[in-house]
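Novice: Residues per chain are reported as follows:
2 protein chains.
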Amino acid sequence: MKSLRSRLGKEWLFCDGGTGTSLQALGLAGGELPERWNQTHPDRIRALHEDYLKAGCDIINTNTFGLNTLKFPGEVESLTAAAVHLAQEAKERTGREDAYIALDIGPTGKLLKPMGDLDFEEAVALFAETIRAGAQAGADLVLIETMSDSYESKAAVLAAKENCSLPVLITNIYNENGKLMTGGTPETVVAMLEGLGVDAVGVNCGFGPQEMIPIVKRLTACASVPVIVNPNAGLPKQIKGRTVYDLGAEDFAQTMVDIAKLGVQVVGGCCGTTPDYIKRARELVLKHVPFRPIEPKHRAVICSGSQLAEIGPKPLLIGERINPTGKKRLKQALREHDLNYILQQGLAQEEAGADVLDVNIGLPELDEPAMMAEVTTALQSVTTLPLQLDSSDPEALERGMRLYNGKPMINSVNGKAESMAAVFPLIKKYGGVCVGLALDENGIPDSADGRIAIAKKIYAKAAEYGIAPEDIVIDGLAMTVSSDSRSALITLETIRRVRDELQGHSILGVSNISFGLPQRQIINAHFLTLAMQDGLSCAIMNPNNAEMMKSVRAYMALMDLDENCLQYIQAYSEQETAPPVQTKTAYTL
Amino acid sequence: MKSLRSRLGKEWLFCDGGTGTSLQALGLAGGELPERWNQTHPDRIRALHEDYLKAGCDIINTNTFGLNTLKFPGEVESLTAAAVHLAQEAKERTGREDAYIALDIGPTGKLLKPMGDLDFEEAVALFAETIRAGAQAGADLVLIETMSDSYESKAAVLAAKENCSLPVLITNIYNENGKLMTGGTPETVVAMLEGLGVDAVGVNCGFGPQEMIPIVKRLTACASVPVIVNPNAGLPKQIKGRTVYDLGAEDFAQTMVDIAKLGVQVVGGCCGTTPDYIKRARELVLKHVPFRPIEPKHRAVICSGSQLAEIGPKPLLIGERINPTGKKRLKQALREHDLNYILQQGLAQEEAGADVLDVNIGLPELDEPAMMAEVTTALQSVTTLPLQLDSSDPEALERGMRLYNGKPMINSVNGKAESMAAVFPLIKKYGGVCVGLALDENGIPDSADGRIAIAKKIYAKAAEYGIAPEDIVIDGLAMTVSSDSRSALITLETIRRVRDELQGHSILGVSNISFGLPQRQIINAHFLTLAMQDGLSCAIMNPNNAEMMKSVRAYMALMDLDENCLQYIQAYSEQETAPPVQTKTAYTL
Ligand SMILES: [Zn+2]
Ligand SMILES: [Zn+2]
Ligand SMILES: [Zn+2]
Chain A
1459 MKSLRSRLGK EWLFCDGGTG TSLQALGLAG GELPERWNQT HPDRIRALHE DYLKAGCDII
1519 NTNTFGLNTL KFPGEVESLT AAAVHLAQEA KERTGREDAY IALDIGPTGK LLKPMGDLDF
1579 EEAVALFAET IRAGAQAGAD LVLIETMSDS YESKAAVLAA KENCSLPVLI TNIYNENGKL
1639 MTGGTPETVV AMLEGLGVDA VGVNCGFGPQ EMIPIVKRLT ACASVPVIVN PNAGLPKQIK
1699 GRTVYDLGAE DFAQTMVDIA KLGVQVVGGC CGTTPDYIKR ARELVLKHVP FRPIEPKHRA
1759 VICSGSQLAE IGPKPLLIGE RINPTGKKRL KQALREHDLN YILQQGLAQE EAGADVLDVN
1819 IGLPELDEPA MMAEVTTALQ SVTTLPLQLD SSDPEALERG MRLYNGKPMI NSVNGKAESM
1879 AAVFPLIKKY GGVCVGLALD ENGIPDSADG RIAIAKKIYA KAAEYGIAPE DIVIDGLAMT
1939 VSSDSRSALI TLETIRRVRD ELQGHSILGV SNISFGLPQR QIINAHFLTL AMQDGLSCAI
1999 MNPNNAEMMK SVRAYMALMD LDENCLQYIQ AYSEQETAPP VQTKTAYTL
Chain B
1459 MKSLRSRLGK EWLFCDGGTG TSLQALGLAG GELPERWNQT HPDRIRALHE DYLKAGCDII
1519 NTNTFGLNTL KFPGEVESLT AAAVHLAQEA KERTGREDAY IALDIGPTGK LLKPMGDLDF
1579 EEAVALFAET IRAGAQAGAD LVLIETMSDS YESKAAVLAA KENCSLPVLI TNIYNENGKL
1639 MTGGTPETVV AMLEGLGVDA VGVNCGFGPQ EMIPIVKRLT ACASVPVIVN PNAGLPKQIK
1699 GRTVYDLGAE DFAQTMVDIA KLGVQVVGGC CGTTPDYIKR ARELVLKHVP FRPIEPKHRA
1759 VICSGSQLAE IGPKPLLIGE RINPTGKKRL KQALREHDLN YILQQGLAQE EAGADVLDVN
1819 IGLPELDEPA MMAEVTTALQ SVTTLPLQLD SSDPEALERG MRLYNGKPMI NSVNGKAESM
1879 AAVFPLIKKY GGVCVGLALD ENGIPDSADG RIAIAKKIYA KAAEYGIAPE DIVIDGLAMT
1939 VSSDSRSALI TLETIRRVRD ELQGHSILGV SNISFGLPQR QIINAHFLTL AMQDGLSCAI
1999 MNPNNAEMMK SVRAYMALMD LDENCLQYIQ AYSEQETAPP VQTKTAYTL
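First to last, the protein sequences are chains A and B.
For the first sequence, position 504 (counting from the first letter as 1) is numbered 1962 according to the working numbering, and the numbering increases by one without interruption.
For the second sequence, position 504 (counting from the first letter as 1) is numbered 1962 according to the working numbering, and the numbering increases by one without interruption.
One chain only, chain A, in its complex shape (with noise of 0.2 angstroms):
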C-alpha cells in the first residue's frame, strides 16, 4: 500500500460522503448518538463503509465524528477502536486495501474561552484522546472536519500533532460571508493552518457544491497544499420533519466537475450525499478533469483569527508601544497586573493605524511565560490585529504561540547558534513569521556585508528546520545615527539587499535610529521613508506619533499605495495649515 502522504496533491483523491446522514436514512433516532452504533449496529456503519469503498472512494471516515470524553466518559478508547476496525474490515471485504482510513474529528461541540468556557488545553486534551486511540487502532490519517472556529481547529491540529505522527487533514466550515462562525477567512484559516503544518485543508458541509464555489476560489487562490472540498448535497430542507437535501447525485457529480476545474486535489461529499454521488462525481471528474497538483503561494503572512496581514504589498506598522522599555506607566501596569492599561494601548495603536501589535511584556520581576498568555490572550478577544509575540525567553514565546488563535510575528530569533537551537523548533510546530536579527556570536556587524551574511545563515538554518524563506522577515538593525555617523547607511544597504539579493522581507525597530537625538521623531520620521523607499516591509513603531504618522500617509500616497490619496485626504483634510514660518530679523536693506 502506498502512503497517503506520497500520492495526496498527485493525483485525484476521492473522499467518502455523508455519515450521519446515511445513518439517520438507517434508522438513526433523533437523540441517539451515532458513535454508539460502533457497537450496537456495527454492521451497518460496515455496509456503509463497503458502499463507499465500492463506489471508489480512496478516503473512508470512521464513524467518530463526536466522539470525545464530554459524550462518551470511559468509552472513547473503545469506541474508536471499534470505528477504525469496522472501516478495516470493509477495507477487507471489498478488496480495497489501497483505500485509507481517515479518523474522523469532528467539534467538541463546546464553545472556547473567551466565547464559551471549554478551556483551550481542555479542547486539546479532549481531541488528544480521541486521536491516540484512533492511531493506535490503526487509522491512516486524521481528517478533522466541520469545524467552525479557528480556535477549536488549532487545538485539534494540535492534539493530532502531538499526539500521531499520521497526516492530518482538515476542512472548515465557512457561512455565506465566505467566513468561520469565529471570523475566519478561508486566508487566515490558511494561513494558520498550513503554519501548524497539516497535509491538507478545504471546505465541507454548509452548502451545496454550487454556493461553495467563492470559497474554493479563495482556497486554491491561497494555499501551498492540497484542497478538499466535501460539500453537501445542496441546501438543506424541512420536509414533513426530515431534513431533505435538494441536490440529487447527477447535479451534484456535475457540479463537482466545475469544482474540480478551480484546482482542487480531493473530493467527496457532506450530509446528504450517499455512495452514488461520490460514485458518479468521480466517474465525470476522472474523465472530464486533467488533476492539476496545488502551486505553492510563497505567501508572507501572518493572521488573527480573523484579519490577515501580508508582508510585502504594502509596509506594515507594527504599534510598539506595548513594550516596557522606557515606558515607566506600563512597567506599572505589569506589575499591578493592570490588564486594562495594557489592553488600552493595543486599542489606542489599532485606532492610530497599527496593522500589527507588538507584545513585549517582559520585566525582571514577572513570571514572562504566564504573562504571555494572559496578554496574548486578553489583547485576542478585544482587537482583531495580528500579533507580534516579543521576547527573548523561549518558553514565554511558546506559551504565546501555542495559546495565539491565528498564526503570529515571533520577535525574535538571531542568527546565534543557540537561539535558532531554541526558536525554529517553535515556527516549525506552531508556524509564524519569524523575525531574525542579523546579529550572532560575534556581535552586531558594521558592515551589510557582515549583516547580510548573518541573514543568509538565518535562512540556512531555517530551512534545516523546513521554515520556508517567507517566514522570515530579517531585521537589519537600526543603531543610532548620533554615535556612528554611517549606521543609518548600512541599516538601509542591509535592507535593500534583502530585498534584492535575498528576495526577502525586512523590517526595523525604526525608533532606535535617533537615540541621543533632540526632537527624535524627526529623525525617526524621515528615517521610516528611507527605510520604506528602500524596501522595508515591517516598522516597529509608534502609530500614536504624528510625526510617524505623516511619513506613512505621505508614503502611501506618493507610492501609490492609497488610492486616490483618500487615506491621506481622511486624515489631513480637516487639519488647518500651520500658519506660515516668520522669519527672526526683520531685514532693513
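Hints should not be assumed to be uniformly reliable.
Said to hold, decoys possible - Just a few of them, taken from the derived set where beta-carbon distance is under 8 angstroms, the chain B residues facing chain A:
#, residue
1, 1461
2, 1489
3, 1944
4, 1947
5, 1976
6, 1977
7, 1987
8, 2009
9, 2016
As the list claims (entries may be wrong) - Just a sample of chain A residues kept apart from chain B, beta carbon distances all over 10 angstroms, derived:
#, residue
10, 1486
11, 1532
12, 1556
13, 1574
14, 1596
15, 1631
16, 1699
17, 1741
18, 1781
19, 1850
20, 1853
21, 1879
22, 2015
23, 2016
Claimed, not checked - Short, incomplete list of chain B residues facing chain A, as computed with Cβ under 8 angstroms:
#, residue
24, 1940
25, 1943
26, 1946
27, 1980
28, 1988
29, 2022
30, 2026
31, 2030
In short, the hints are calculated from the structure, not lab data.
From the three backbone atoms N, C-alpha and C, an ideal C-beta is built for every residue, glycine too.
With chain A's structure known, arrange chain B with the ligands on it following the hints.
Specialist: For chain B with the ligands alone, kept in the frame of chain A given last:
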C-alpha cells in the same frame, strides 16, 4: 608657426616676467605711465621683449597693462598698435617667430558697481577698445592679468570674446587668505572663467612663488583648462624709497620647479622678475619636471562672486520664494518696484538654509529683461548665495546672465528644438548650469522612459554646442499625485535613471507633487526625502517651511552628510518635544 591653442596644455610654455618693474629699472619715473614708452622709448620696450625672447619665453606681454581710454583718451588704438609692433619687431630680431604676442590687459584701475562707480558695461567697453586694437595690430592672444575682482575679470573676458577670436588667458591676484580682493576663491573664479570659455586660468603677482603654492594647489585641483603661474620675485620690500624683491633668480627658479610639479602647464614671472629669472626657471623646469596635461575635472558647480555651490555631494536647496506664481504679495512688490521686499525674501531664505536662490520675476505687465537685470544685480549686492535665473524669456535670461557676477544656474531649457536653439548659445557664451526640463514638442511623457529619452536628447544637443554634461541638470518634473497616482513613481524613477543610466544630475520643483491636496507640506517633505534618496541633486523648495527643513536636516543627519549631526542638533535641540498624542477615546474594557 603652430597656433597657441595647438600647444597650450600639451607642452611646457613660458611667459615672460616683470614689465613694469623692468621699466622702472630702465628709468621709468614714479608718475610716468609705462605705456607712453611705446612711443617715447620704443627701443627700450623692444629690447626688453628681445631679452625675454632670448631667455626662452614662448609668450611675451605687450606693454599695454594699463592701456585704456580712461588713461589715454584718443590714444588707445595707436599706443596698442605700437606696443604690438614692438613685440613683433623683437620676434623678428631674435628669430623667435615661434613665440606668441600676448595683448596684456590689466585692471581698469576703477572699482565696478556696487563697490565703485564703474558700470559693468562701461568696463566691458573699456576693455573692448584695447582688445580690438590689439587684435587688429596682430596680437596672438589676450592675457588678462592681475585681476583682483571677479566681476572685472568677467567684463574683460566678455570684451575679449566679443571682439576677437584670439585665445584668452587670465591670471588673478589672490591675497594671503586665498581670496580675491572682492572675495572670490580659486574655485569660484575658475568656475566662472571656465564658464566664460577662457583658454587658461591662473595666478600672478601678489606673492613670491613659495607663498603661491596653496593657491596653485587649489587651482590645479579645480581647473579643467591649463593653469598659469606667474609669481613675483618674492615679497616686495621698501629699501631707500625703492621697491625691491627678496628672491634671486636661482631661488626663484628652484621654487618654480616645485610649482611646476604641482601640475601647472604655463609658468613665468611678474613684478621683480627679469629675463634671468625666467631663463633659469625654464632651464630647471624643462630639465626636472615632466610635463603633465591638466585633467578635466567634470565639476558640476555654480557660484556667485565669492561662494561656490557644488552639485552632487549633497542635495542643493534652491529657495523658491522669489517667484510670483501664486504669491500676491510678491506680485505687488514687482509691480510697485519694491526691491526691498524682494531682497528680504532672498535674505530670509538664506537665513533659513537655502544654498541657492531662484529668481523668477516674470509678470506679463513687466519689462522682464530689465527687471531680471535689476533684481539679479540687487540680490548680488546683499547676498553671496549663487542664483538660479529663472525665466521662459531668453532675453531676460541673457540680461541676467550677462550682468551676473559668477556662474549661475539657468532655469530652463527643454527638449523643444526652439528652446534649445535659444538657450544653449547663452550657456555656451556666459557659462552656467542649465536646467533641462524633460518635456518637448509632444508634451510631458507619462513614463520615465519618455522623460529619459528627452534628457538624452538635451544632453546630445548641448554637446553639439560644446556644453559639458555636468552643466546640465535634468528636471524630472514633479506632477501632482492627486490627479495621477503613479506620478511620483514616474518622477522618482526618472531621477534615479538620470543618476544611474545617464550619470547626470537632477532637479525638481518639489511642491508641485502635492497640488490639490490638504497639508501639502507633509507630502512635499516626504517626497523630498524620497527624491533625495533616489539621487535628487537640487531641490527647488521653500526653506522657510518647517516640514521641508525637517526632511533636509533629517536626511543629512541620516546619510552621513551632517558631521556628528551637528546641524540637526543645532536646529532642534532647543525645541520642546511635542506633547504625547492623546487618543481620542477612553476605552473601558
Ligand atoms: Zn455536512
Ligand atoms: Zn606683479
Ligand atoms: Zn605683471
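Novice: Next, verify each hint and record whether it holds.
Specialist: The hints, checked one at a time:
no.	hint	verdict
1	1461	50 angstroms, violated
2	1489	42 angstroms, violated
3	1944	5 angstroms, holds
4	1947	6 angstroms, holds
5	1976	4 angstroms, holds
6	1977	4 angstroms, holds
7	1987	5 angstroms, holds
8	2009	6 angstroms, holds
9	2016	4 angstroms, holds
10	1486	46 angstroms, holds
11	1532	42 angstroms, holds
12	1556	56 angstroms, holds
13	1574	20 angstroms, holds
14	1596	50 angstroms, holds
15	1631	31 angstroms, holds
16	1699	46 angstroms, holds
17	1741	51 angstroms, holds
18	1781	16 angstroms, holds
19	1850	27 angstroms, holds
20	1853	27 angstroms, holds
21	1879	36 angstroms, holds
22	2015	6 angstroms, violated
23	2016	4 angstroms, violated
24	1940	6 angstroms, holds
25	1943	4 angstroms, holds
26	1946	4 angstroms, holds
27	1980	5 angstroms, holds
28	1988	5 angstroms, holds
29	2022	7 angstroms, holds
30	2026	7 angstroms, holds
31	2030	4 angstroms, holds
Of the hints listed earlier, those the structure fails to meet are numbers 1, 2, 22, 23, in rising order.
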